[in-house]
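> Residue numbers (this note's numbering), protein chains in the order written: chain A, 245 to 646; chain B, 3 to 247.
FYI, nobody ran anything at the bench for these hints, they're computed from the structure.
Note that the coordinates shown come from a computational prediction; the quantities given were computed from them, not determined experimentally.
Be aware that one or more of the hints could be misleading.
Stated by the list, open to error - Label-pair restraints from in silico Cβ distances:
hint, chain 1, residue 1, chain 2, residue 2, range
1, B, V69, A, T259, 35 to 43 Å
2, B, S227, A, R644, 21 to 29 Å
3, B, T84, A, I539, 37 to 45 Å
4, B, D88, A, V524, 16 to 24 Å
5, B, T12, A, V536, 56 to 64 Å
6, A, T259, B, H21, 40 to 48 Å
7, A, R644, B, T237, 29 to 37 Å
C-beta atoms are modelled at their ideal positions from N, C-alpha and C, and glycine is treated no differently.
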Amino acid sequence: MSFFEMIYSALRGITANKLRSILTLLGVMIGVASVILLLAVGNGSAQTVNSAISQLGTNTLTVRPAGGGQASAGSNSTKQITIAVGQQIQAAKLGHVREVIPQVAGSLTVASTSVSQTGVSVIGTTPAYFTVGTNTVATGSAFTQADVVDMAKVAVIGQTLASALFPSSTPLGQQVTVGGTPLTIVGVLSPQGSVGFTDPNSVIIAPISRIQASFTGYGAVSSLTIEATNAASVTPAQGEVEVMLNQLLGITDITNLPYTIINQGSLLQTAATSAASFTVLLGAVAAISLLVGGIGVTNVMLVTVTERTREIGIRKALGATRGAILGQFLAEAATLTLLGGILGVIAALVGAQFSFNGTQPVVLSYSIPLALGVSVAIGVFFGVYPAARAARMRPIQALRAI
Amino acid sequence: MFALDEPQSTPVVQLTDIHHVYGSGDAEVHALRGISLDVGQGDYVAIMGPSGSGKSTLMNVLGCLDVASSGTYRLAGNDVKTLDEDHLARIRNRQVGFVFQSFNLVPRMTALANVELPLVYGRVGRAERRERSLEALDRVGLAARVHHQPQELSGGQQQRVAIARALVAEPTLVLADEPTGNLDSASTDEILEMFHLLAEEGRTIIVITHEPHVAAQAHRVITLSDGLVVADRVTSRTDLVGGRS
Numbered sequence: 245m246s247f248f249e250m251i252y253s254a255l256r257g258i259t260a261n262k263l264r265s266i267l268t269l270l271g272v273m274i275g276v277a278s279v280i281l282l283l284a285v286g287n288g289s290a291q292t293v294n295s296a297i298s299q300l301g302t303n304t305l306t307v308r309p310a311g312g313g314q315a316s317a318g319s320n321s322t323k324q325i326t327i328a329v330g331q332q333i334q335a336a337k338l339g340h341v342r343e344v345i346p347q348v349a350g351s352l353t354v355a356s357t358s359v360s361q362t363g364v365s366v367i368g369t370t371p372a373y374f375t376v377g378t379n380t381v382a383t384g385s386a387f388t389q390a391d392v393v394d395m396a397k398v399a400v401i402g403q404t405l406a407s408a409l410f411p412s413s414t415p416l417g418q419q420v421t422v423g424g425t426p427l428t429i430v431g432v433l434s435p436q437g438s439v440g441f442t443d444p445n446s447v448i449i450a451p452i453s454r455i456q457a458s459f460t461g462y463g464a465v466s467s468l469t470i471e472a473t474n475a476a477s478v479t480p481a482q483g484e485v486e487v488m489l490n491q492l493l494g495i496t497d498i499t500n501l502p503y504t505i506i507n508q509g510s511l512l513q514t515a516a517t518s519a520a521s522f523t524v525l526l527g528a529v530a531a532i533s534l535l536v537g538g539i540g541v542t543n544v545m546l547v548t549v550t551e552r553t554r555e556i557g558i559r560k561a562l563g564a565t566r567g568a569i570l571g572q573f574l575a576e577a578a579t580l581t582l583l584g585g586i587l588g589v590i591a592a593l594v595g596a597q598f599s600f601n602g603t604q605p606v607v608l609s610y611s612i613p614l615a616l617g618v619s620v621a622i623g624v625f626f627g628v629y630p631a632a633r634a635a636r637m638r639p640i641q642a643l644r645a646i
Numbered sequence: 003m004f005a006l007d008e009p010q011s012t013p014v015v016q017l018t019d020i021h022h023v024y025g026s027g028d029a030e031v032h033a034l035r036g037i038s039l040d041v042g043q044g045d046y047v048a049i050m051g052p053s054g055s056g057k058s059t060l061m062n063v064l065g066c067l068d069v070a071s072s073g074t075y076r077l078a079g080n081d082v083k084t085l086d087e088d089h090l091a092r093i094r095n096r097q098v099g100f101v102f103q104s105f106n107l108v109p110r111m112t113a114l115a116n117v118e119l120p121l122v123y124g125r126v127g128r129a130e131r132r133e134r135s136l137e138a139l140d141r142v143g144l145a146a147r148v149h150h151q152p153q154e155l156s157g158g159q160q161q162r163v164a165i166a167r168a169l170v171a172e173p174t175l176v177l178a179d180e181p182t183g184n185l186d187s188a189s190t191d192e193i194l195e196m197f198h199l200l201a202e203e204g205r206t207i208i209v210i211t212h213e214p215h216v217a218a219q220a221h222r223v224i225t226l227s228d229g230l231v232v233a234d235r236v237t238s239r240t241d242l243v244g245g246r247s
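This is chain B alone, in the form it adopts within the complex (with noise of 0.2 Å):
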């Protein structure tokens, strides 16, 4: 893990021009209309917008489950367009974290085995696995629970396994799709505190949200409609690099 307090020279997430077109003939959906921004190390930025703005897309895009049809999507650094599928797989696995909205964990698999999985496939060692895994789901407060499967868990408790997951390979950016959006309020509140606490210890994170309370929590909000930026404020921590647009 690098050092978080040394400036960094490159942004963590560098968007130039990106458009993605869904599609063909008739049916083409300009998902996408020219996004640039720059994400800095350290930002915890709410991505919002209404439905059909193209906030899921942009999701896609950052956590490289997608390539952008034009445009230039750089990831610390690395221009993402040039990587072919299996290299896209090892730049999720070692540089994003995700955590959705609907926890996808992996069913019939163990707190600690679902946490494990990004660390199975980056081909870390079984011993130094479990022991950064159990680190993980002690942190998120479930280290009563690590043999609990999916099922037996509450949905708050689910979305802690997820972000346990999320954290346990180190990674360059957190980017959360709707944390909330399927927990109750005190569940949300929960989500919301360790969220905070990880933009305290200075991670990058981007989280996507139609719910204010949410973006509330961010340091910078940037509000997408019909696949462009309209907005892009920075509520707090001044001293980080805005957008570009």
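Here chain A stands alone, though its shape is the one from the complex (with noise of 0.2 Å):
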């Protein structure tokens, strides 16, 4: 018998009790369907924490003040992380450090003549800041040096924002009120990836001592962002700027820092890591599915091989062998398994075009052959006891069933 008769032969099994053969194809259909769908919305997920890590750009680390840019009560130094402090580190010339970027920041009402928007991301900062990660400026240009120096009143904002504030025209060139000061904008910045709840790109930035001259003082800085010199640098970066910011501000108990340094890198390989996982449980759970669905297809088998003992009987005594008739139940378990299994595919393929709470589900790419190999190893694997059950048959007894 060739392959093609076989499968032939299967499809005639399969269609002589549509209603059954259909149930049981669902179940198989679904379990593919969410294998495929749950590892692409993990997938997903962890896409976009990876998309994050490259746009943070994984050489960066973030010093901030404990306690929320305060110095805290029980803190052993009465010093502040000032621009004095990150203008020390950069002239030390550490070796894996590039470049120290102060920033201040605070949430105030920015306004174009027409519209006005509240609690917008406000950061005074370095020209510096926009060769880090993807900080560039896409249209206009950044601020300079001499900005800083001459606390020009000028401004480089985020794309939600210059949408928002200026709808139907550029706003190179513009003035907007930032908490009562106006500010010409300069330059638009290049879309940011998103991390936290914030949007990104809702935000101006202008030189840090425009900034602090018009609101926050001349205290603490909000945070210092230091560039090392490569992703494989950050660690020892990280321990050079702790010497160096103990000694500076004359700290003597490094149990109780006033300070805290946040490798992004390492945080967003936590996350990657934890979304790996994730991905793992949603498979695991997709794979109870598939599993269910195939002691459906046990089940079905085992009564389709009980109806059909008659049928067995007569092919056993027209010279069918153990082997044969073995062959013909596991081919129609197999192809009603792999029908089950394309159904599952192209209902996952479907799905995957929706977001799942704000993921958007990526198809991996291997996920749909080994779906579709593991829906026919189900077949065979589940359709083998009843498959054997019925080769064992002895003839005279199959004939005379019912």
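Take the two lone chains, each set in its own frame, and fit them into one complex as the hints suggest.
The structure is reproduced here in structure tokens:
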């Protein structure tokens, strides 16, 4: 019996009881679809994290004062992290540090002549800010060191904010009022990937001197961004910066530091690892539903074998060997699950067009042949017992069945 | 196919002291209690007897559907006792053509596909299979109904499909179990006529029946009772080898 004839004969068996076959098929289909889809959801969220990593730049550290910007009460230093501290670190020319970028930040109302936005993230920094990661200027230009020295009333704004304030015209050269201070827009930031709950594209960036003069005063900065020479030197850079900061701030008790250093790269690595284990978990849940579908196949094949005992008897009387009967029922189970698998793949591909809870599923290319292969393997595995039962039947008893 | 008019040195069927027991202990049933008989090439034998006489058991043993508890059964010279199940399947495929009382066609398969089945299991190629099956269906007068499924055919037509299926692999022995038991008298006559023609061709046929007019067609009538041969009567073709009981 050729392969084609076996499939044909299997299809004949499957179509003999359509409702039952469709229900079984549905079980396998749901299993296969959920394996592909849940892996795609896990993969999608992992990719979001990974793209956030590459957008942030993996070679930066962030130094923040501990306790939300105030020197904490129990701290053993009264000194603050100021622009001067940043300049001293920069001047020390540490082996793994390329750039130290001070930032002050606040949340203010920003208005154009027609539109006003409240709670916009306002950042004061130095031009080096625009050389780190994806903080590049898309149109126009960044402000210069001269602007910082002059406390120039200029700013670079994020894409979301730009289109909100100037929906119909170019923002370049326009004036915005930030907390009462008019600033001229010289550049628009390229799009930023999101890593948190805030929109990184709703931001306005001005020379640090201007922001300090107008809003925050000349005390502690909100943070220092340390750019390491490359991704591999982030950790040694962290060590160097810690030693230097402890000296500058006169810290004796290193168990109670007045600052924290956030290694963004390692944070995101952790997030990526947890996204990967999330994918595995989802895959495991889906695999269980595939298993349940497989048990359904066993059940239906057992019923089919019982129902067709007479046919088995006839075939045996006509000279079918045990292998031939086994092959017939295995082919039937495998065809049934393969059909379910194909429908499941189609369902998963359709389902992957929709986003789940904000995550756009990204179908893993290997998951389709894998799921199809597994569905056929399930047909064979769960079909073996019923098929073996059919093959073992003695012809006289099988023939006597009604 | 071998030449039918050559004298055969070994009988097609050779039973020697066949016993068959079902069950065990108190439930033991001795269905056959020592049957010895030979059926020669080209013989047309009817096996008769009341129900419970062991007819069906003998039919199962003859058709290699079951192996006797003791005794020797040689089919075309091969001792079937020494064969495993898959070898028995091959023997059934090549040597035995079955015709059953209830036709036993596979449902939802066309007449042609049913007739092809023994050739499928005999690993005959597709084209040859089709050709031989169509020829066999033509011989039983069903050339016009090859694509009909069993449920679309009358009882007599179904039995003719079954006969075509029994003959298509050119078996050594045609074994019919009450072939007319489920048929009306017109169809019965048709089928008996067909067996008659097969016998004329020199086929070896064993018909199990309890109907005297079916048995009357045969050249030799063997009567069973309580698992033993009680009569073995040659009614025609006296040139053939009789029983040894």
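> Given a hinted range of 29 to 37 Å, is it respected by the beta-carbon distance of A/R644 and B/T237?
With Cβ atoms ~32 Å apart, the hint holds.
> Falls inside 56 to 64 Å, the C-beta gap from B/T12 to A/V536?
59 Å, holds
> Cβ-Cβ distance between B/S227 and A/R644: within 21 to 29 Å?
The hint (21 to 29 Å, Cβ to Cβ) holds, given that B/S227 and A/R644 are roughly 23 Å apart.
> With 40 to 48 Å as the target window, see if A/T259 and B/H21 comply at their CB atoms.
46 Å, holds
> Within 35 to 43 Å or not, the Cβ separation of B/V69 and A/T259?
Given about 37 Å between the Cβ atoms, the range holds.
> Given a hint of 16 to 24 Å, does the C-beta separation of B/D88 and A/V524 actually sit inside it?
The hinted range 16 to 24 Å is violated for B/D88 and A/V524, with Cβ atoms some 46 Å apart.
> Should the hint that B/T84 and A/I539 are 37 to 45 Å apart at their CB atoms be regarded as holding?
42 Å, holds
Checked against the numbered hints given earlier, this structure breaks only hint 4.
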